[in-house]
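With chain A's structure known, arrange chain B with the ligands on it following the hints.
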Amino acid sequence: MPNDFPTASAVPCPAPAAREPRPAPAIAHRLRQELRGQTTARLSDGDWAQLAASIGAPEAQVRTVAAFFEEFSGTTAHGAHFPSRPDAPPRSLTTPPQLIATADDTTSAFSLLKTLATTENPAATLAGRLSAIEGLARHRIKAGRGLSSRWAEAAATPAAERFVICHTDAGNPGSWSGEWLLEHRPGLVIAGMCFAALAIGAGEGVICVDRSHLSLISRLRTATEQARAAGVLPDDFEISVFPTFGSPVGGEETALLNAIEGRVGEARSRPPEPEVAGIFGKPTVVESAEIFARLPGWLRSGRDDGQRLIGLLPPFAQPGLVEIDATVTLRQVASDAAGADGLSSIAALTVGGRFGSLAFPEKWDTPLDLETLRKARIEPANFSLSPVPQGQPFSDWARDQLNFAMSETCGRCLPCRLGPLAALGELDASGEPTHRLREILDTVAATSLCGFGRDFPRPILQWIERWRHQPAGAS
Amino acid sequence: MKTAHINSRPVEIRPGETILAAAQRIGIDLPAPCRTPGPEPLESCRLCVVQVNGQPFPVAACGTMLEAGMDVQTHHVAVERWRTSLLRIVAESAARTDHAPSRVRDGVWSELLSHYGVTPPAPQRNDLSKPERDTSHSWLRFDPAACISCGACLTTCETVAHQHVWEIAGRGPRRRIQPVGGRPLALTPCTACGACIDPCPTGALVERHGHHPAEEPRRSVESVCGLCPVGCGLRIESADGEVRRVSGLVHSPTNPGGLLCKRGKFAHVAHQNWDRITQPMLRRGAGFCKVSWDEALDFIAKRLSALVHAHGPAAFGAIAGAGLSTESAYLLQKFTRSVIGSPHIDSVAHTDPALDPVCRAAFPGTASFADLDRATCIVVLGADLDESHPVLAARVRQAVADGAALIVVHPRRIALSKSADCHHSDLTPPPPDDSSDDPLCRLLLTHRSGTVCLVGSDIATPEHLSGWMSRLNGLGTSALPGAGLIFLGGVGNHQGLLLSGALADSLPGHVPVSDSQARARIEDLWGRCLPVESGLPLTGMLVGARDGRLRGLWLAGYEPDRVTADATLAGLDLLVVHDLIYQNASRHAHVLLPAASLHEQTGTAINAERRVQLLRAAVPPPDEARPDWAVLTVLARRLGVEWPYLDPAEIFAELALLAPDRLAGITHRRLDEQPEGIQWPCPGGNA
Ligand code: SF4
Ligand code: SF4
Ligand code: SF4
Ligand code: FES
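Top line first, the protein sequences correspond to chains A and B.
So in the numbering used here, spot 194 of the first sequence is number 199, and the numbers just go up one at a time.
So in the numbering used here, spot 212 of the second sequence is number 313, and the numbers just go up one at a time.
Bound conformation, chain A alone (with noise of 0.2 Å):
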């Protein structure tokens, strides 16, 4: 019997190697190609244990995330009330006109690309050139930080990959822009996509196109094909179309990191931000196709006066997009919407579409500028306006709002996911904004794990201070 182990031996021998914790496979994609455009309405028990074992993920797994998201489960209740693109051309109200009037041109893109590549340390100059830019810090700020100084974080975070989102703020009804832009401009957003991977030093860039859109994909290639013959991709960097499964949470961004690791798309918990550890737990950068479409310019003109494309939502009688700087007033962007007359059926602006703030007449004169903006506290959750029409009464419009929330919340978090409909109980039963709807919709404010539950109550409370139960406008 071996009693003489354990003997010291005389092999050589590596110290022991560091463990990798194994990837989860990515539930979602593979359910995608395992359904092929079925949904699971109809798969008996039999079916799903073939499903989850054909996947490799245990059948609960497998299940969860099909029942999150339309395209597997069938429902249409999430963002199908949200109004399409109007076919109108975007208009203009800033001068000269950036992203609109010129073509979708990369030339000058591309070459600067070219002369980075060939400096001794092209991010390290790239970052230079980016903290440079004048006025970018004050006007792309997200989760209180400028855009450099996100990436540069994304950077500098060790890690073996980095990753380069660009999302089209699918979820935010009125965001249309990043659709508009990966159709007319698709050359622009892949460059910028392109000087972000330098930059950070990425090797694999997302583009997240709603799968309603799904036109977009061949575009979005034509145009990747084209920069990698212009020599102009960075090392290593590969663009892949992510078509969503589904609308994603108010378009919190977190939650879309979890739909593109093929998980469930629940918000997550900050920190840590993205740019520490956003996809598989890798820094990563995320914004939209605006940010990157524009990129290009700012390099070259080295500032950023605030240009935005803003969705302008019905009932405006002329909805659609527009682009605008950071000068541009509330006031002006809704006479141009409204046309001089319409602009006194309207009570308010709603700033964010159907969540963020409520703008009242007397703040109408204050420009799109963030910092402006938030210190005349109208907290913007985005950028797309839709008017509040003198006279609408308050329950209907309330009721829609927490609608829209019901049907957008992801439901990880119990204020988020019962707190809306505990408001239109309170609402149902007294048809006015009674204390106990406001501490609701404080409550809910308050205590919501991400930015979508903190955002939506907020115009409800302000029309609440403003006009209590009276309908829209009344003093």
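There could be a bad hint or two in this list.
Have a look at the derived ranges for each label pair, beta carbon to beta carbon [unchecked claim]:
(1) B:Glu488 - A:Ala234: 51 to 61 Å
(2) B:Ala223 - A:Gly436: 14 to 24 Å
(3) B:Ile114 - A:Ala108: 54 to 64 Å
(4) B:Gln373 - A:Ser59: 43 to 53 Å
(5) A:Arg143 - B:Ala169: 28 to 38 Å
(6) B:Gly342 - A:Ala148: 50 to 60 Å
(7) B:Asp474 - A:Ala148: 29 to 39 Å
(8) B:Pro540 - A:Ser245: 23 to 33 Å
(9) A:Ala108 - B:Asp474: 41 to 51 Å
(10) A:Pro398 - B:Ala223: 27 to 37 Å
(11) A:Pro30 - B:Ile682: 43 to 53 Å
(12) A:Phe285 - B:Ile114: 25 to 35 Å
(13) B:His106 - A:Ala108: 51 to 61 Å
Selected chain B positions facing chain A (in silico; Cβ < 7 Å) [stated by the list, open to error]:
(14) Cys146
(15) Pro274
(16) Arg276
(17) Arg277
(18) Val281
In case anyone wonders, no lab produced these hints; they're calculated from the structure.
Note that the Cβ used here is the ideal one computed from N, Cα and C, for glycine as well.
Only chain B with the ligands this time, still in chain A's reference frame:
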């Protein structure tokens, strides 16, 4: 020292500590319903929110690290208002949706409701439409109408138990946590480990049996589970002399996260529901009658003396079963060898033909369970862990998820094979060949260091085992840092039974009976002569009982199957059965003695990683039941041998003298102070 402030009190920063943990450390009570023992905070209930200076929004204390300079307010009026309001939101929603709880009656949640003065949801008119209470499972009960869909059960099941029983059905307000596929719990892969019960804040998930109101005052004792050689750390809560609840110790080295298996979690339920023997009983005709201990022991003493007088001491034998502490097993063999003078003593630890020899070897296993958390390769050799040692199966799955390679060698495809990189159904190791393309060979070669090998009793023959050991030795594996072997016996306290000398061919301390010097030393210590030959092994004793070579038998917690019992035990002059319940062997017994369960006695058990652990009595044995060591001590006195033991600690001290290489330096007192137990060789032991 870096500090932060919680409610204006300075708190020292500890790495990786959340605000919640730090607050609890300094005695601040925060509601934290959805916290789980797993590594990832859920942050779904949002009741633990606290205010931190400079942050625009309150943060969840359970998921936010405490950082230097933070100034945290945990019970600010605004925060308390939000908490109250949140509880009300949930209660009010019950009227509007089936997806909010309408029946919360228990657990932390109902305590919070009453603390914050929130009226629980009134029973709803549509209560009948709510999903039914799921009573399908033998050990758990699930009431969907009490569930807040926090996900604590799901996360615990996935990250602690490594099972996948729960799913989230539906998004947003329709989110509902349910057993996979909406099936009854009994039809899910649930292993009944019970890990998900404690984290459930609402009482939606409760133990099916013995669910008692939490308000009653309970006594709580930390002990270990002696039912298998994993030796999980336990907290045993009792009231009125009955065990109410058993839960795992989160920081135990043997079952991190507090995972238990069905046996450890629910053994007390079985003990309480079984028809325990609680009184000594003597056979009267076809039945038994209750007698006092005096009568029973007098009867045994008289019969034993007569038997030894008529047939010689070797006509008596004793068998130690799995439920014995090391001390009791030691006394049983001492009783047999020195009081009666018979060599026939053996234990169930002897029944693994392949493992037995190595486990008695000089060094039974070199690795610890904790090495699994670092190993880069794990070989599971002849052990169906999900069946035999589920807690280890979970630990192996965690290691695999963390990146360890897994090789399963087993004649059947076992549950763990699914997670394995390589399943090898041939128990013979592949020949050493460094250039082979066989995935097994490649894996072994790349992971020569950092390989931990778990050896179980399905390994069939000693040859297979020695083949594997020399294969691993040939690679230098077992001697390398972070590498080693663990032998998993099938029964609880496997190594304790072996070490105590309750074996046919070895004396305490793994000394062969044939070693006359060692025998003389023991004779000196005991002051009695010992038989010089090895005794009959367990099976041999049963045969001997059938053939009439043995006339008397003592079964301490040993239970043969029915056929064996009927075939072998019927013709004895004296059969003493000392056990918890009336089973197969009892049907032929002359004397039935009531035994104490492992929750009811003090003693030690030794687990598969050579960890000596202290069993603490959580409740007294019922009625007249007594632990084996106590009964044997009294009986020995009746037979004219005075043993001085007052408690198991003294017995252990004597055993430690006889097994200095293993137990030197270990005492009950030290074990009492070191809740994680002591692995031999014991540091400072030989000083
Ligand atoms: S008892 Fe264990 S296996 Fe069963 S559901 Fe709970 S945690 Fe999962
Ligand atoms: S059963 Fe309990 S732990 Fe599981 S989701 Fe419901 S309330 Fe939470
Ligand atoms: S694994 Fe073993 S020691 Fe742990 S609870 Fe189960 S039987 Fe007890
Ligand atoms: S305990 Fe922190 S969110 Fe539930």
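Going through the numbered hints above, which ones does this structure break? Give me the numbers in ascending order.
9, 17
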